[in-house]
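Given the coordinates of chain A, assemble chain B onto it according to the supplied hints.
The listed protein sequences derive, respectively, from chains A and B. At position 223 of the first sequence (counting the first as 1) the number is 223 in the working numbering, and the numbers step up by one without a gap. Throughout, the working numbering is defined as the position within the second sequence, counted from one, plus 1000.
These are computed hints drawn from the structure, not numbers from a lab. All clues stand as given, with none of them false.
The calculated DSSO-like cross-link candidates involving lysine-lysine, where the alpha carbons are at most 30 Å apart (straight line), are: (1) B:Lys-1117 with A:Lys-49; (2) A:Lys-49 with B:Lys-1120; (3) B:Lys-1120 with A:Lys-9; (4) A:Lys-127 with B:Lys-1120; (5) A:Lys-117 with B:Lys-1120; (6) B:Lys-1120 with A:Lys-120; (7) A:Lys-76 with B:Lys-1076; (8) A:Lys-76 with B:Lys-1225; (9) A:Lys-120 with B:Lys-1009; (10) B:Lys-1117 with A:Lys-127; (11) A:Lys-49 with B:Lys-1127; (12) A:Lys-9 with B:Lys-1127; (13) B:Lys-1127 with A:Lys-117; (14) B:Lys-1117 with A:Lys-117; (15) B:Lys-1076 with B:Lys-1032; (16) B:Lys-1127 with A:Lys-120; (17) A:Lys-226 with A:Lys-255; (18) B:Lys-1117 with B:Lys-1127; (19) B:Lys-1127 with B:Lys-1225; (20) A:Lys-225 with B:Lys-1076; (21) B:Lys-1049 with A:Lys-127; (22) B:Lys-1009 with B:Lys-1049; (23) A:Lys-120 with B:Lys-1049; (24) B:Lys-1009 with A:Lys-127; (25) B:Lys-1049 with A:Lys-117; (26) B:Lys-1127 with A:Lys-127; (27) A:Lys-120 with B:Lys-1117; (28) A:Lys-127 with A:Lys-295.
Note that the structure is a prediction, hence the values are computed from the model and not measured.
2 protein chains.
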Amino acid sequence: MNINDEILKLNWHREPYGLYAPIAYTMAAGGKRVRPQLAMIACGIFGGKEDEVAPAAMALEVFHNFTLLHDDVMDKAEVRRGRPTVHIQWNENTAILSGDQMMIEAYKLLSEVPAEKLPKVLRLFNKMATEICEGQQYDVDFESQDDVSIEAYLHMIRLKTSVLLATALQIGAYIAEANEQQQEALYQFGINIGLAFQIQDDILDVWGDPATFGKAVGGDISCNKKTFVYLEAMRQLGNEAMRQEAMRQEAIALKEWYSQVLDDNTEKIAAVKSLFEQLNVRSACEAVVEDYTQKALQILSGLPQNAATEQLRQLANKLNTRKD
Amino acid sequence: MNINDEILKLNWHREPYGLYAPIAYTMAAGGKRVRPQLAMIACGIFGGKEDEVAPAAMALEVFHNFTLLHDDVMDKAEVRRGRPTVHIQWNENTAILSGDQMMIEAYKLLSEVPAEKLPKVLRLFNKMATEICEGQQYDVDFESQDDVSIEAYLHMIRLKTSVLLATALQIGAYIAEANEQQQEALYQFGINIGLAFQIQDDILDVWGDPATFGKAVGGDISCNKKTFVYLEAMRQLGNEAMRQEAMRQEAIALKEWYSQVLDDNTEKIAAVKSLFEQLNVRSACEAVVEDYTQKALQILSGLPQNAATEQLRQLANKLNTRKD
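The shape of chain A in the complex, shown without the other chains (with noise of 0.2 Å):
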């Protein structure tokens, strides 16, 4: 079974349209589709059935699209996955109302789940939604807050991000009726791609190709958003201004542009940029990188080995060094 086509043949050419063409435009945008892949994967280590995990699947894949139709209202994206966000393309009270019932397409999908699985599935899924909010939450408070620790970055994008890999992972690994320790260990390698995951994508947006990046370059960098560059970069800096003028000099300039709000980012793109390669801030956040994908592998080789652990060992290497 191909998830991603399972996906696709979703149909949302419904009535009242207004509020189920966003949800489609939304859902065929494409991605990567990596949750649903992650869960169908999963399952199949275990010998489980396709089509007993796959509606569990698409749910994550249409809740996974809601939370970035939601986040990007919250956050006024423009343009994601290369098209105008749904609040450019419709309004905001669009995105708000289709990316509400998108949440609950999501919960219907996930309610084909074998009657018998499903209170163990829901409970696993509204913990996951719940701590994805919490993690959202967490990034917008970051964004008022000065002293932002990277223990703190690294515990948000653990729910923002990490939760909803790992949950894809035990979901499958449940329906396949993998054992509790093997469910847990699935859940943890999601844990760690995922935090490679997020720290790639910040890597990305300063280094990525615009024309492979389906986000703006350096948009993170537009909105003072306290990545985990930007962390390690003030670390870095933190450590060296104890010992160098010049570097207090440079601290001082990244919080400058990290105060300002501006129409045009050109220069501040570049200069933000610029610090950042003054200092090791790129290859120490590939070192994380690599780190939590190695972590991710140890991990998989205490799991039974076939040609689907091996899918997942090439998925983790992948999404460790993509570029989109």
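Just chain B, lined up with the frame of chain A:
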């Protein structure tokens, strides 16, 4: 079991506070708790267990409050239950995200329904949730539509308001193991009192007492909302206009007022109210409320008669004659 007490016992004192404080604020604001009461009473009619239905009853109330929260953002409503709405008290992003989390909290409560009854309860809940969003979308569509028929309006409020009451009753009956026919009868009872409830709401927007009505009186008039009262007035003016030139002038005046967006709506509310009062609008609307209420009570007479049925009868009469 007093379901209002149970709702107030729900603990929202959690981190991150930015996410949960608006939920606590919303859930503490009260309201009539009609929907959870309906679920409890429906369960009671068939001798079901209160603790089996309570999670679903609370889920319905949390979901209802979530819809109000997001609707208030979309309608730019500033007051709800005599207090500033969440997007006024905090901001719009908070209202979006805390609203999303409230929907998830509803599903979390729902997941506590006995496992063997969960699949159907979840399906009924999802169907209802979808219809509410569809109703909201039609409501939005009507704003820019010049020729809204009374039938289309009734379809919209059936989706936006009635199905929630109807589903609360059906879920209560299902959990108490009422048969399909009984579940359907209570569902239809809910549809009818829902229509009566919403039209009564439309009446109160014009003729409610500002001291007891939770919202701003004339709010629908200010934002040119095509309520049942307005549509009934236009219907009467349409009929009368065939015969009387004066009536044609009034129809034009009403349309003219409804094309205006003003900062101060005092004069507009008074003028529109006066136009309504020159017609037979209030008594015609009240007759429709009475009609739906009688239909509902008629359905009730075919169900087991006990204390719970009597409670439902009283609730229907109270909603019909309510002032807030």
